[in-house]
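In case you want the letters, here they are:
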Amino acid sequence: LAKTTQPISMDSYEGQEVNITCSHNNIATNDYITWYQQFPSQGPRFIIQGYKTKVTNEVASLFIPADRKSSTLSLPRVSLSDTAVYYCLVEKGYSTLTFGKGTMLLVSP
Amino acid sequence: EADIYQTPRYLVIGTGKKITLECSQTMGHDKMYWYQQDPGMELHLIHYSYGVNSTEKGDLSSESTVSRIRTEHFPLTLESARPSHTSQYLCASSSPGQGMSKNIQYFGAGTRLSVL
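Here the protein sequences come in this chain order: U and G.
Residue 42 in our numbering is what sits at position 42 of the first sequence, and the numbering runs on without skipping anything.
Here our numbering runs 109 ahead of the position in the second sequence, where the first position is 1.
It is worth saying that the hints were derived from the structure and are not from the lab.
One should not assume that every hint holds.
[Stated by the list, open to error] Pair ranges (Cβ atoms, derived):
(1) U:T56 with G:L120: 16 to 22 angstroms
(2) U:T21 with G:Y159: 30 to 36 angstroms
(3) G:R191 with U:P76: 42 to 48 angstroms
(4) G:T174 with U:R77: 42 to 48 angstroms
[Stated by the list, open to error] No more than 25 angstroms apart at the CA atoms, straight line, and that leaves these computed lysine to aspartate or glutamate pairs for DMTMM-like:
(5) U:K101 with G:E188
(6) G:K140 with U:E17
(7) U:K3 with G:D168
(8) G:K166 with U:D31
(9) U:K3 with G:E165
(10) U:K69 with U:E14
(11) U:K69 with G:E151
(12) U:K3 with G:D112
(13) U:K101 with G:D147
We put the CB at the ideal spot given by N, CA and C, even for glycine.
Chain U with its partners taken away, still in its complex shape (with noise of 0.2 angstroms):
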């Protein structure tokens, strides 16, 4: 399984761009990378994956340079209700998923 690093924690406040970067040093051909938001007692909600270059849907983008080593969760003006952990998974298709520790990005007023 590739391991993931990303930072334990981060703060910003409402209205601004927020970027979480993950590293994946030993991330495999077939891998994807996968983020998913997680809300105190409740389950993970996938937010968005990608397999390179750059995805975007309505509520992130995700960016992934040319050798994937790293990818980076964009979420634009964020708000309160955006506080939560945010974990990044790197998998093969239909694989167990290892989650870690996450980001718990804490957005102030």
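Starting from the known structure of chain U, fit chain G onto it as the hints suggest.
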């Protein structure tokens, strides 16, 4: 929105009792999972299933057992609950995915178990 349901949401029970945590999904997903998570801590995979009659142990050893008699149902059982079993239990399901969507897991709301 994913359709995966866990009951009960909260359970307070005495030591030695047998309990079953229910998990059902209506998406027809083959693969299902149980995770254990203490407050502020990592999720740990304790059981998973590839499909009917398939059960596997996860990364974290657990005294619980699971069964998969129907595709949509994946209950977790503790034969004799102990205070060390106090935790949140999260159920999830996934399908192989199509195109660029690979192995996206959909989670239930969880069961918070307290054993006194």
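Each hint tested on the structure:
{"no.": "1", "hint": "U:T56 with G:L120: 16 to 22 angstroms", "in the structure": "41 angstroms, violated"}
{"no.": "2", "hint": "U:T21 with G:Y159: 30 to 36 angstroms", "in the structure": "34 angstroms, holds"}
{"no.": "3", "hint": "G:R191 with U:P76: 42 to 48 angstroms", "in the structure": "46 angstroms, holds"}
{"no.": "4", "hint": "G:T174 with U:R77: 42 to 48 angstroms", "in the structure": "46 angstroms, holds"}
{"no.": "5", "hint": "U:K101 with G:E188", "in the structure": "30 angstroms, violated"}
{"no.": "6", "hint": "G:K140 with U:E17", "in the structure": "35 angstroms, violated"}
{"no.": "7", "hint": "U:K3 with G:D168", "in the structure": "15 angstroms, holds"}
{"no.": "8", "hint": "G:K166 with U:D31", "in the structure": "23 angstroms, holds"}
{"no.": "9", "hint": "U:K3 with G:E165", "in the structure": "22 angstroms, holds"}
{"no.": "10", "hint": "U:K69 with U:E14", "in the structure": "30 angstroms, violated"}
{"no.": "11", "hint": "U:K69 with G:E151", "in the structure": "23 angstroms, holds"}
{"no.": "12", "hint": "U:K3 with G:D112", "in the structure": "30 angstroms, violated"}
{"no.": "13", "hint": "U:K101 with G:D147", "in the structure": "12 angstroms, holds"}
When held up to the earlier numbered hints, the structure conflicts with 1, 5, 6, 10 and 12 and fits the remainder.
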